[in-house]
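Protein chains in written order, with the numbering used here: chain A, 732 to 1118; chain B, 732 to 1118.
Watch out, some of these pointers could steer you wrong.
Which copy? The list can't say, so a pair holds if one copy fits it or any two copies do.
[Stated by the list, open to error] Keeping only pairs whose Cα atoms sit at most 20 Å apart, straight-line, the calculated SDA-like set for lysine to any residue is:
(1) LYS1079 - GLU754
(2) LYS766 - LEU753
(3) LYS905 - GLU836
(4) LYS866 - GLY756
(5) LYS1074 - GLY978
(6) LYS791 - PRO976
If you are wondering where the hints come from, they were derived from the structure by calculation, not from laboratory data.
2 protein chains.
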Amino acid sequence: MLIKNQDYLRRRNQSLVLKMVLEHGPISRAEIAKKTMMSPTSASRIVTSLLKEGLIREKKISTSQVGRKAIYFVPNEDYFISFGVEIDVNRISIGMINFVGEWLEAKSFYCDTASSESVINVISDTIHDMLKRQKFSESKIIRICVGLPGIIDIESGVVQASAQLNWRDIPLKKLLEARLPYEVQIENELNLKALAEYEAFQSTYGTVAIIGFGKGVGSSVIVNGDIFRGAHNYSGEIGHTTVDPYGVYCPCGNFGCLQTYIAEQFLISEASKTRTINSVNEIIRYYERDEKWAQNIIDKALIYMGVAINNVVCTYNPEVVVLSGSLIENYSTIRDLILETYKENIWKPLLDSFELKITNTRNKGVVMGAALNLQQHFIDNFDEKGD
Amino acid sequence: MLIKNQDYLRRRNQSLVLKMVLEHGPISRAEIAKKTMMSPTSASRIVTSLLKEGLIREKKISTSQVGRKAIYFVPNEDYFISFGVEIDVNRISIGMINFVGEWLEAKSFYCDTASSESVINVISDTIHDMLKRQKFSESKIIRICVGLPGIIDIESGVVQASAQLNWRDIPLKKLLEARLPYEVQIENELNLKALAEYEAFQSTYGTVAIIGFGKGVGSSVIVNGDIFRGAHNYSGEIGHTTVDPYGVYCPCGNFGCLQTYIAEQFLISEASKTRTINSVNEIIRYYERDEKWAQNIIDKALIYMGVAINNVVCTYNPEVVVLSGSLIENYSTIRDLILETYKENIWKPLLDSFELKITNTRNKGVVMGAALNLQQHFIDNFDEKGD
């Protein structure tokens, strides 16, 4: 029962007007005041400020009979340009998206991601190139959001640790901002993917969880459109929840962390005890040839994937659980098997409380989510300069 | 980036005015309009409606020099009376609390809670008695919130299952409302306790998790003052997260549910394999006499309590974890041991991300939380009848 301070209320009202135009434009001053329940004076003052800032523009629409034109407002689609960037192991994807969510350009290419320097070069060069080809005036607001697997301090934009990229304490925001004259946000990739999935569901669900099974194991939950972050953006780190305190040793120093039963390199290292194995693909090939050792490894991973789903369902009670990550997206065998078997592991009273889905944003998810995140952040924190 | 419908905005503004008076009263019409950024007309219309409804009342305060009296508004403390009720195994506690959070009366007594009929008799008789002793006019709004351990459908107020009370599909809301002419809410006790803890911290923390270790194992998370419920109020059911898929059988049908390593009856049943044991107290006495079997049972329970804390920290990333429940509140040996040992089980990167505390609302927590919950629900859903 907390009332935020007045400054917060003022900003919230500005955001509200902007959202009204983005979602309901063309819309008139009178409609904005009515829909937001603000005084006509306050609403009008905010509209004027948004016009002056160039976020919205006028659109004159003929009123039916008399032929006079009434003034409505629509968003200025070029005002805010988002660059969504995904850093995956040895691959970088970049999308350029405008204020109303249209894709202007997209690129994806190989990059040696072990070197954060190469990554920074590739991102800044590509964004420079993309911008050169567009004819934006200089007043446009351009923001960049980078998603990657790992633990990120979102305030400072430091990648504290990414086991997948083998990064530790990389001040990615600072390094990119030194190369590009735009504000950069760094985010956990699963949070962004979850935002994109949520948006794709068009508000069908209020609480959406995503689980990533791949080089690591993680999760993210969206509640009414917002990322559930916890206190310091560390929520969803299910890869290090303990699923057997007497279990196998995890490089983190604990025993029986969930990821040690599922993540790709652990499966490969288990398999290597029997054969020379370099990829999950090879394990699956042996699995399909009915080799007992390969079946044991995959079957065990499936059980722990079921445990991961159960534990996410019991803790967050989502309406839908979306499975993603390389193990799900690249291996149809695993994808089909988990859909067949997961129910065995779910606590019975919650078996019908959720739907299990496979990611449908696929390789575009992180980039789309990054653009959504930038726009949401921009609107929520928008502060008119007019006062 | 979702705009709730206009009806929602209207109600939200009404709640805002009411909260302003509750938190900042005495407060003038002008201050209310200014602080809420509403038009003076809208703000004044809502104030008039609240006055007419009797939620707030005028307070004339002399302005310094001229001697004229200005009109301010304060909450009407008797307008809204909450009954907070806790049903614990064989004990019922009831508190009567007014609109500004003052306790008017409190009672607690033994009751055979295995019989839902006895429970309903005791609650309705006590509330009738308490009300008889007060001189409330008939226009007062009286609400009841009952907290108990179990899975509750908060919409219908049906207790779907409570292992602790041995209840199944009890339509508690309906049964109580048949006996008392007031709206009744049924809630999970841990959610209410978490609300009370959150309030006790006076907004020191944004994300507060509570874990209950007792006849069952559960958790609840408060985010910025609101219960994190998930889609259907089932979030926090950590007792049935799997912490060893190859572990011991749980009555739910799964293997290795967290509660099977911690909950009282499981400890007693383990202990009974060695000696005739009827209570946790007896196990602890043997533990303190250094009997190996008792040490094994308690030490193992401590490891799984540590796992519970780790898994709550990794999934929700709270700023504080509050331990509660009979095992913590009634047995200082266990309380001291878990505080000594839990760090062993926490994922190292999150070791300093939270504070571990022991519940300080104790046996008043559920009743206090129930009153808070009723008031919060009332304010958030308050809808003026004036239109």
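Going down the list of hints, with the structure as the test:
1. For the identical chains of this complex, LYS1079 and GLU754 are neighbours neither inside a copy (41 Å) nor across copies (44 Å), given an alpha-carbon limit of 20 Å.
2. In this assembly of identical chains, the alpha carbons of LYS766 and LEU753 lie at most 20 Å apart only when taken from the same copy (14 Å versus 26 Å across copies).
3. Taking the closest pair of Cα atoms, LYS905 and GLU836 never come within 20 Å of each other, the shortest separation being 25 Å inside a single copy and 58 Å across copies.
4. In this homomeric assembly, LYS866 and GLY756 never come within 20 Å of each other (Cα to Cα): the closest approach is 25 Å inside a single copy and 55 Å across copies.
5. In this homomeric assembly, LYS1074 and GLY978 come within 20 Å of each other (Cα to Cα) only across copies, at 18 Å, whereas the closest approach inside a single copy is 23 Å.
6. In this assembly of identical chains, the alpha carbons of LYS791 and PRO976 never lie at most 20 Å apart, being 67 Å within a copy and 65 Å across copies at closest.
Figure legend: structure checked against the earlier numbered hints; hints not met, in rising order: 1, 3, 4 and 6.
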